[in-house]
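**Student:** Mapped onto the UniProt record's numbering, the consecutive letters of the sequence shown carry residue numbers 1 to 272.
Honestly, the hints are just simulated from the structure, not real lab data.
Pairwise CB distance ranges, derived in the manner of DEER restraints:
1) Pro-110 - Thr-201: 35 to 41 Å
2) Phe-239 - Ser-54: 40 to 46 Å
3) Asp-14 - Asn-142: 43 to 49 Å
4) Asp-96 - Asp-72: 17 to 23 Å
5) Ser-86 - Gln-242: 37 to 43 Å
6) Gly-222 - Asn-160: 20 to 26 Å
7) Glu-200 - Asp-109: 35 to 41 Å
8) Glu-57 - Asn-27: 19 to 25 Å
9) Arg-252 - Asp-14: 21 to 27 Å
Cross-link-like lysine to aspartate or glutamate pairs, in silico, DMTMM-like; alpha carbons within 20 Å at most:
10) Lys-270 - Glu-245
11) Lys-78 - Glu-117
12) Lys-111 - Asp-72
13) Lys-179 - Asp-221
14) Lys-226 - Asp-12
Ideal Cβ placement from N, Cα and C applies to all residues, glycine included.
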Amino acid sequence: MLYLAKIYMDSDLDEAEDWIEQALDVNLNNAEACYVRGAIMGRQASGSIFSALSYAEKSVNSFTKAVELQPDSIKYRKGSMQFHTSAPSIAGGDLDIAKVQIEKLRQLDPKAGLEAEINYELSQDNDALADTLLQQAKQTYNDIPDFFFQAGMLQQRKENYRAAFEEFTRAISKNADTKESVVAKYNALYQLGRTSVLDETNIDAGIMALKQYLSEAPDLDGLSPKPWAEFRLANLMVFNAQKLEVKLIYLRLAKVDNKELAKKAKKAAKKI
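All chains, full assembly: derive it from the sequences and hints.
**Tutor:** As structure tokens, this is what we get:
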């Protein structure tokens, strides 16, 4: 049931919600199920108008329970911190709690604490401070992709696409010996391709990166869904005049369960 909840998170949140509630009915003290429920309810809150506060309350309670059950879990503390930095106070967001989680993460793992601190500053639109922390982090952790990927995301958000492309390229070149670094490295491949779409440059490099992502990316939490990578790839292939192949990809993606992706693919197919 927990597995099915994770599967449906990217395509049908109502179905995911049903499965995660069933999983917790079986075992209320399953920390992973609490964490996944927090993520699902958080997404439901973001997409709901009338039930947003109710979903947000369920989300924060679930993240809090996950941390209580496994206080040494870096992933669960990150989930709690992200909720409290993204949710308004009326929905349960609390920056003081977020700061407590950052300090706890720093005690558990200095690298995780630094990542959390950077994400906190980004969430508060303190881009200059976040960039300073990123420059320091890239020097300290120069041999892994994690902070180069994070720097690329910051540059992409600021629409500095050339700088983003360079950061993602550096991330891809680094060794990935931990699960976190593997996720960062493959997400850098995906985002390099997405940056090529956004900037309409480096088309061949973007195509190569997305093809590598589709063929090599493992099945890990935190990685971008492969159907979205196919959509980005098709967007780039348009520039190479591969219209027939592109249209077939769009038509296939128009039938996927993810409603947002299906809508975008259907719209794109009509333009070919």
